[in-house]
Each structure stands twice: as C-alpha cells, then as structure tokens.
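Asks: Following the hints, position chain L against chain E.
Number of protein chains: 2
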Amino acid sequence: MSFELTVLGTSSGLPTSKRFPTAHVLNVHERFFLIDCGEGTQIRLRQFKIHFQRINHIFISHLHGDHYYGIFGLLSTFNMLGRATDLHIYSPPELQKKVEFQMFPEEFKFKIIYHPHNFEKPETIFENKNMFVRSFPLQHRIKTCGFLFKEKKKDKNILKEAIEKYKFSIKDIVLIKKGNDFVTENGKFIPNSEITLPQPVSHSYAFCSDTKYYEEIISEIENVDLLYHEATFIHNDAQIARTTGHSTAREAAMIAKKANVKKLVIGHFSARYASAEILEKDARVEFENTVAANDGDIFDIELDTILKVKDKN
Amino acid sequence: MSFELTVLGTSSGLPTSKRFPTAHVLNVHERFFLIDCGEGTQIRLRQFKIHFQRINHIFISHLHGDHYYGIFGLLSTFNMLGRATDLHIYSPPELQKKVEFQMFPEEFKFKIIYHPHNFEKPETIFENKNMFVRSFPLQHRIKTCGFLFKEKKKDKNILKEAIEKYKFSIKDIVLIKKGNDFVTENGKFIPNSEITLPQPVSHSYAFCSDTKYYEEIISEIENVDLLYHEATFIHNDAQIARTTGHSTAREAAMIAKKANVKKLVIGHFSARYASAEILEKDARVEFENTVAANDGDIFDIELDTILKVKDKN
Numbered sequence: 022m023s024f025e026l027t028v029l030g031t032s033s034g035l036p037t038s039k040r041f042p043t044a045h046v047l048n049v050h051e052r053f054f055l056i057d058c059g060e061g062t063q064i065r066l067r068q069f070k071i072h073f074q075r076i077n078h079i080f081i082s083h084l085h086g087d088h089y090y091g092i093f094g095l096l097s098t099f100n101m102l103g104r105a106t107d108l109h110i111y112s113p114p115e116l117q118k119k120v121e122f123q124m125f126p127e128e129f130k131f132k133i134i135y136h137p138h139n140f141e142k143p144e145t146i147f148e149n150k151n152m153f154v155r156s157f158p159l160q161h162r163i164k165t166c167g168f169l170f171k172e173k174k175k176d177k178n179i180l181k182e183a184i185e186k187y188k189f190s191i192k193d194i195v196l197i198k199k200g201n202d203f204v205t206e207n208g209k210f211i212p213n214s215e216i217t218l219p220q221p222v223s224h225s226y227a228f229c230s231d232t233k234y235y236e237e238i239i240s241e242i243e244n245v246d247l248l249y250h251e252a253t254f255i256h257n258d259a260q261i262a263r264t265t266g267h268s269t270a271r272e273a274a275m276i277a278k279k280a281n282v283k284k285l286v287i288g289h290f291s292a293r294y295a296s297a298e299i300l301e302k303d304a305r306v307e308f309e310n311t312v313a314a315n316d317g318d319i320f321d322i323e324l325d326t327i328l329k330v331k332d333k334n
Numbered sequence: 022m023s024f025e026l027t028v029l030g031t032s033s034g035l036p037t038s039k040r041f042p043t044a045h046v047l048n049v050h051e052r053f054f055l056i057d058c059g060e061g062t063q064i065r066l067r068q069f070k071i072h073f074q075r076i077n078h079i080f081i082s083h084l085h086g087d088h089y090y091g092i093f094g095l096l097s098t099f100n101m102l103g104r105a106t107d108l109h110i111y112s113p114p115e116l117q118k119k120v121e122f123q124m125f126p127e128e129f130k131f132k133i134i135y136h137p138h139n140f141e142k143p144e145t146i147f148e149n150k151n152m153f154v155r156s157f158p159l160q161h162r163i164k165t166c167g168f169l170f171k172e173k174k175k176d177k178n179i180l181k182e183a184i185e186k187y188k189f190s191i192k193d194i195v196l197i198k199k200g201n202d203f204v205t206e207n208g209k210f211i212p213n214s215e216i217t218l219p220q221p222v223s224h225s226y227a228f229c230s231d232t233k234y235y236e237e238i239i240s241e242i243e244n245v246d247l248l249y250h251e252a253t254f255i256h257n258d259a260q261i262a263r264t265t266g267h268s269t270a271r272e273a274a275m276i277a278k279k280a281n282v283k284k285l286v287i288g289h290f291s292a293r294y295a296s297a298e299i300l301e302k303d304a305r306v307e308f309e310n311t312v313a314a315n316d317g318d319i320f321d322i323e324l325d326t327i328l329k330v331k332d333k334n
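Chains as they are written, first to last, in my numbering: chain E, 22 to 334; chain L, 22 to 334.
Note that these hints are calculated values from the structure, not bench results.
A portion of the hints provided could be inaccurate.
Intra- or inter-copy, both count: the list cannot distinguish identical chains.
[As the list claims (entries may be wrong)] Mimicking DSS-like on lysine-lysine, the simulated pairs with C-alpha atoms at most 25 Å apart in a straight line are:
no. : residue 1 : residue 2
1   : K119      : K132
2   : K70       : K39
3   : K150      : K132
With the rest of the complex left out, here is chain E (with noise of 0.2 Å):
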C-alpha cells in the first residue's frame, strides 16, 4: 500500500538547469495524483520513470505560470498515447477557458472534468473508500489553494490466536475491525484491544504552496506525515517575501510546528540562492527535520525514507 511522493520541481518562477518548476506527484495505492503542473512536468515525469498514464486526477493551486503551464503539453500526450479514461482537474475556474483557448480538447479521445477551487473555505474534493483530498485557501497574490491528502481510518486486523479461539462470525469480524469489543456467547465481555493488532497508521501528505505565511491552514494540515511548504526565500530576504506573497523558509518551518507535522519538505527556491542549504539551514532553525528538496527525491511516506533520484537512474 504505497503512499509515496515525487517531487518534479522544486524552483520557483525562474527555472534553472537544474530545478523545474512546481510540479509533486503522489502515488497513494497506485493511484497517482499530480500537483501542480509547472513546465516541462511531462519531461520529469519521463525521466523519473512515473507511469504518467495511470494519473486521472490533476490539482492546480493556482493560475501563475510557473505552476500550470506544463498542461497543455501534458493533455496533447495523453491524447497522442489514445488515452480513454477521464481525467479530473481541481483548479481555478478559469483553467478551463485557457486550455481551450490553447488547445482542441473537444478533439481528444478522453474526457476532462473540471473540478473548480473553493476559494471560500476548506472542502472535501475527492473521496473514495481509502482516502480523501481537500483543499483550503492559501495567502498569495491571486487566489490559491493549498491540498491536504489523507488515508482513512483504517480497519484494525484481529489477531490469529484470537481467531481461532473465538471462532467470530463474519458480522463479529467486521464490527471488531472497525474496533468494536465483542461479547461471547456465555456473555463474557472480551475488550477489543485484546483481540486485535494496534490500530494500523493512516498516512498523510499536504501542499501548500504559493502562499506568505498563514495560519489559517494549520487545522487543515495538524499532525500530516509529511508538509510541503513553499520557501522561496530566506529569513533575511523577509521583506521580498513579504512584498511578493512567499514565505521564508523559517516561515514554513514554523508553521511545520505548530501544525505538529512530522517532516517538512521545501521548495519553490528563488534562484537568487546558488544552493538550498542555506534554505534547509533557515528552516532548521525552527524545524529540525526538514528537508531541502531537489527534483527528483522521492519520499516514501510510509517508511518515512527518502531516495534521491541520483540512487534511482
């Protein structure tokens, strides 16, 4: 059960050699959710080996360039390799209009089905039985949404010796699962935390980028295993932040713990910094575990490892 994320670009506007513009896929059970589609994301995605096809669900946070226009050439692919299966894109309303001002979706073999932002309050925007998605508004320039991707509670598993001992029901076994005590037929009462395993982890992921520091969204991303929040520069060039709606990467390492999170991953480096260790090291002053992103690191949520794309080509 995999819940593991890819990060495709880490730069901000200006894109460098080696840094592309924001663009995350996360793998939750083999379904893959793309984040953000900055150009050249369909490039990345080659190169990281990503099963491109199998993405039918794309979240744009926002309408800037360096965030989106990475989907007209990532739609005209799908075509060219005849996909069929519809494709749901969560974005700004005005997403649409531009990909039919720029393309001939009515063309395509495949279906796109708008989704668009509340910009209001936070939602639930996708669901099915082992996860959901929401969004929340973030704080920038133009209007932003910044994405939370949650497991479910999961079903807790019963143990073997129990099994055999109370030979359960079938009714027994899915109401214990879902954590409820059982009672035997002679009416002894049998605690549930007896008869099953500690209740499995449910994992989680939030986005939050481009947005200045906000404190809004710490209820939506309390306690996730894994934060990323953009940090587009450093303490010193607070002010720039400021000015341009971005955070400094201490911004975003305190708002990793006041939201209690587990790991914080930045990204969306202004390319005024030849290297992101001087980001890392910002944010560390707030937040020791934080990691500096470059293109291609793969953060396997559910072991809480990280693999660089160098160990990966």
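Replies: Same frame as chain E, now just chain L:
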C-alpha cells in the same frame, strides 16, 4: 564572426527523457535567433548556457504545441529578469492572441512586436547590414513556414602588398572591397583579383519543420551550408509520414541532395524509435553528409564542426 547553431530539442510531439520538443538557437555574430520554442526551451537554454537575454528575434514555424508551448514560460522569464529590449516575434498571426490570453504582456517592461507570416510566398522578413532572414511556406497539416538565415555577400579584403604599392584613397578602398577593378593615375588597369584576397564565404542555415516532402522549398534553400529538415519517420513508415504531413529521413535527404546543401541535420524524431541511428542511416541512403541531432549538439557552421553537449558540460 560566429555562425553557430545549437539544437535545443529534437523530439516530435512526444518528448522523451532525453529529447525535448523542437527549438533551435542560431548565433550570428553574437546575435541570437530562436527558432521554434517547444515546452522546456527556457530550461534547455539554461542547461546549454546560452545567453538568452541576447535573443531579440523569435521565429515560430507553426502553432502545433510542440513548437510553441515554451513561449509563455520564456516571455515570463524575460520579464522577471527585467528585460527592457524590444522582442520581435515572427509567427502565424494567431500566436499574439494565444500569448495575450495566457499571460499579461501589457504589464511587461518590454515590448513585443509581432510580424505575421506570409503563407502565400517566400519573403524577406528581417535584414541588417550583415545578414537577412527569409520565410517560405512548407506543407504540413496546418499553415507552416520554414526559415533561411543567410549572411550577405561580404566585402573582399585588399592584399597588404597592393595597399603599399598603390596607396589607395578611401574611395578606392570602398570600391575595391566591393569587387571593382582599379585604374592607376597613369591609366594602368589593375583587375580586382590581382589586389584582393578571394571573396570571403557567406554562411547560411535553413530550418524546415514541420513539412512533408515538398520540392517547392528547394529554390529557397539551395546551396546552404547547413540544412535542418524534419525527419519524423523512417522510410518503412512512409505511410504514417504521409497521413500526418511529415517527412521520412530519406525524404529529408532527397531534399538536401536536390538542394545541393553542404550538410544535413535531421530532427523531430518520433518517440517510436529507440535510437536516432536508424533515422540517420535511412537518410544516408540518399545523402551521406547527414547528422541525426541530439539535444545540445552545436554546429559551428563556419568551421564545419560539430560539438556534442557532452563535450560542453
């Protein structure tokens, strides 16, 4: 006096992990001409260390996405870098609206001057004292133009001995450099060839993509030093080339042969071929001096040498 081509992208509609969509940069005497602008062009420009703020002229052959989806990111980057110099774009007329719908060029600090193509007949679309550019119609599924970049006839150099012997006036020098003969004060006729070095070579490059096999272009590209011609398919797949309005490698080579060009470079390869070798081999059946380009190849047209990107980085 440089005359050098850098190939930025060599894929057709579907980019691969190593081949970006079409884009070329021609450096003529340190002026940079960008030809087509597929997705990721600005990233390739950085990766190949092109001084892209020196690009003042962009030529877009046609409005299939793999030839222009990179323009939005590039324009946005120009603006973020504080560009103030006018930018000339030579393209199908619809590009202007596509740019204006996708971004806010009215807020740019630089001016874009659009020059719509003439799809009816060849014409000179740019000229300065050293060179000129001509556009000419190609034959593709939609209206498309190719481009010829050519140095003007250069002034001849006068032999040092002749200068010492005849003590030419400034007026004499101008005339002799243009190829005129000379008459001494006492009436002696001196033919131009006796007092000058041989005519310096004027270099030329022609870009033909996308197009099916189309002999009408030959008169425009005759005798060029370097011809780029698309070669999407091999001869065995000629039927697909026919229905998609593309050329086979062998057809590109036939054009090169009939146009008597010095060297042929092919690109725009279909992703169906694992390696471009098969396309190069296919072309060489008709025209031996063919090179299948890779992203990052540099053709020094003056010296007639090729530098590979691996030599550069």
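Asks: Let me make sure I understand: some of the numbered hints might not hold for this structure. Which ones are they, in numerical order?
Replies: none
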